[in-house]
Each structure stands twice: as structure tokens, then as C-alpha cells.
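Peer 1: Sequence:
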Amino acid sequence: MVLKTTLCRFSGLRIYPGRGLLFIRVDGQHYLFLNKKCKSLFTNKKKAAKLAWTSAYRKAHKKDQVAEVQKKKRRNATKSLNRSIAGASVDVIKQRRAEKPEARQASREAAIREVKERAKKAKEAKAAKARKQQFA
84 MVLKTTLCRF SGLRIYPGRG LLFIRVDGQH YLFLNKKCKS LFTNKKKAAK
134 LAWTSAYRKA HKKDQVAEVQ KKKRRNATKS LNRSIAGASV DVIKQRRAEK
184 PEARQASREA AIREVKERAK KAKEAKAAKA RKQQFA
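Mapping the sequence shown onto the numbering used here, position 117 (from 1) lands on 200, and the numbers just tick up by one.
Among the hints, a few may not be true.
Distance condition first, Cα-Cα at most 30 Å in a straight line; then the derived DSBU-like pairs of lysine-lysine [stated by the list, open to error]:
| hint | residue 1 | residue 2 |
| --- | --- | --- |
| 1 | 146 | 130 |
| 2 | 199 | 183 |
| 3 | 156 | 145 |
| 4 | 87 | 133 |
| 5 | 119 | 129 |
| 6 | 146 | 87 |
| 7 | 146 | 128 |
| 8 | 183 | 162 |
| 9 | 146 | 120 |
| 10 | 87 | 119 |
Restraint ranges, calculated between C-beta atoms of paired labels, are given here [unchecked claim]:
| hint | residue 1 | residue 2 | range |
| --- | --- | --- | --- |
| 11 | 167 | 201 | 26 to 32 Å |
| 12 | 196 | 167 | 45 to 51 Å |
| 13 | 215 | 178 | 44 to 50 Å |
| 14 | 167 | 90 | 51 to 57 Å |
| 15 | 176 | 90 | 53 to 59 Å |
| 16 | 90 | 144 | 17 to 23 Å |
| 17 | 181 | 156 | 36 to 42 Å |
| 18 | 199 | 158 | 29 to 35 Å |
| 19 | 170 | 90 | 53 to 59 Å |
| 20 | 89 | 158 | 35 to 41 Å |
| 21 | 184 | 143 | 51 to 57 Å |
| 22 | 172 | 147 | 51 to 57 Å |
| 23 | 179 | 108 | 32 to 38 Å |
Worth flagging that the hints you see were computed from the coordinates, not collected in a lab.
Just so you know, these numbers come straight off a predicted model, no measurement behind them.
By construction, the Cβ of each residue, glycine as well, lies at the ideal position given by its N, Cα and C atoms.
My request is simple: use the sequences and hints to build the entire structure.
Peer 2: Structure, rendered in C-alpha cells:
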């Protein structure tokens, strides 16, 4: 005959039929405890991992190594993936990476110079427009 056992929510020990205390919280959460000791420790917010007789303590302090199944080691191999980023294709990215630092610096300076010239022209146009309105 097989008996259906459940586990104590605090100690992790088996509870056989006809034993245990059922505690139902206001939010509807069910807690089944082995005995009054487990229930009182739980309600006093004691940590099961700090009490030597609980299964949580034994697991935390690696006492039951026989029962614990060995997990397969996962290989964390990083895969280098070349994907296009918004606005630039893979070919453009590879070309930019292959550029020499001097060429990259020169193109950057040229772009900055061009932006500054554009801003200067816009400022001059705005000033000319303001002068026109002042005399009109």
C-alpha cells in the first residue's frame, strides 16, 4: 500500500495522511506544516535555512550530496555574430572596422567641419533675414 505524503512548507519533511496543520493565509495561500513547532517558527518569520534540522538547512550547507542529482555543465561559448545594425549593413560595418585609425580620424574631422560650416551658413542666413526685417 502506497501512502500519499506531502512536504512541510517550512521544514521540508514528509507529512503522512492524518498528520499536519493546514494554515490558510488571508490571500488564499495554503501552507501545510508538519507540526505546531513548524507553524510557530513560520509565523515568527524564522528562516528554515538557519535551523539545522530542516531540509533547507541541509541543502544550503551541502549535507545531502547523495540525494542531489548532478547537473549537466552548460558550455557558455560565445558565438560571434555579424549582424547589420540600424542604418548600416554588414559590409559597411566590416569596411569601417578595416579602416586605419588615421583615415577614420580624417573622415570624422571632415564631417565635423562640414556640420560647423552648415551651422555657420544657417546662422548667417538668419542674421541677414533679421537685418532685412529691421530695415523694412
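Peer 1: Check each numbered hint from earlier against the structure, then list the numbers of those it violates in ascending order.
Peer 2: Checked against the structure, the hints that fail are numbers 12, 18, 23, while the rest are satisfied.
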